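In terms of this note's numbering, the sequence shown opens at residue 236 and continues consecutively.
Errors might be hidden in some of the hints.
As the list claims (entries may be wrong) - Restricting the straight-line Cα-Cα distance to at most 35 angstroms, the calculated cross-link-like pairs of lysine-lysine (DSBU-like) are: (1) Lys355 x Lys333; (2) Lys294 x Lys278; (3) Lys355 x Lys343; (4) Lys265 x Lys295; (5) Lys265 x Lys294; (6) Lys265 x Lys278; (7) Lys266 x Lys295; (8) Lys295 x Lys271; (9) Lys266 x Lys294; (10) Lys343 x Lys333; (11) Lys266 x Lys278; (12) Lys294 x Lys271; (13) Lys355 x Lys278.
None of these hints come from the bench; they were simulated from the model.
Keep in mind that this is a model prediction, so the values were computed, not measured.
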Amino acid sequence: KQKAFVETYFKSGERTNLVLDFPHIEVVRKKEERRKLTGHTCKECEIYYAGLPEEERQKKLATCSRHRSRYIPPETPENFWEVGFPSTQMCVERGYIKEEFAPCPRPKRRQPYNVMFSPKGKEQKT
Numbered sequence: 236k237q238k239a240f241v242e243t244y245f246k247s248g249e250r251t252n253l254v255l256d257f258p259h260i261e262v263v264r265k266k267e268e269r270r271k272l273t274g275h276t277c278k279e280c281e282i283y284y285a286g287l288p289e290e291e292r293q294k295k296l297a298t299c300s301r302h303r304s305r306y307i308p309p310e311t312p313e314n315f316w317e318v319g320f321p322s323t324q325m326c327v328e329r330g331y332i333k334e335e336f337a338p339c340p341r342p343k344r345r346q347p348y349n350v351m352f353s354p355k356g357k358e359q360k361t
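Sequences are here, hints too, so could you generate the full structure?
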């Protein structure tokens, strides 16, 4: 039997040298490499760092930040983790529902329907 010839998409050296230059989440496995990454805060850590002066805060973030990444990820949108359905009033406050005081004009036909049969009350004349 003849074996099928399949060429790999990435050649052996191409995949290791691939550098992505757009914001993405990547796994950094070595401790020394993780220390090189920039530290940033989340909402909970921001409370901890709130009392520190800016210079000392930057030093703490560089040395012992829990959150480290090459690109700072965007924050979670407000109300993202609320599981239930919001009330109508809450939807109006958040801007999901627009309140219009004037009702939409009802579309009308330009020409009336053609009468194809007579109503039940009237008998047909033949």
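Violated constraints from the hint list, given by number and in increasing order: 1 and 13
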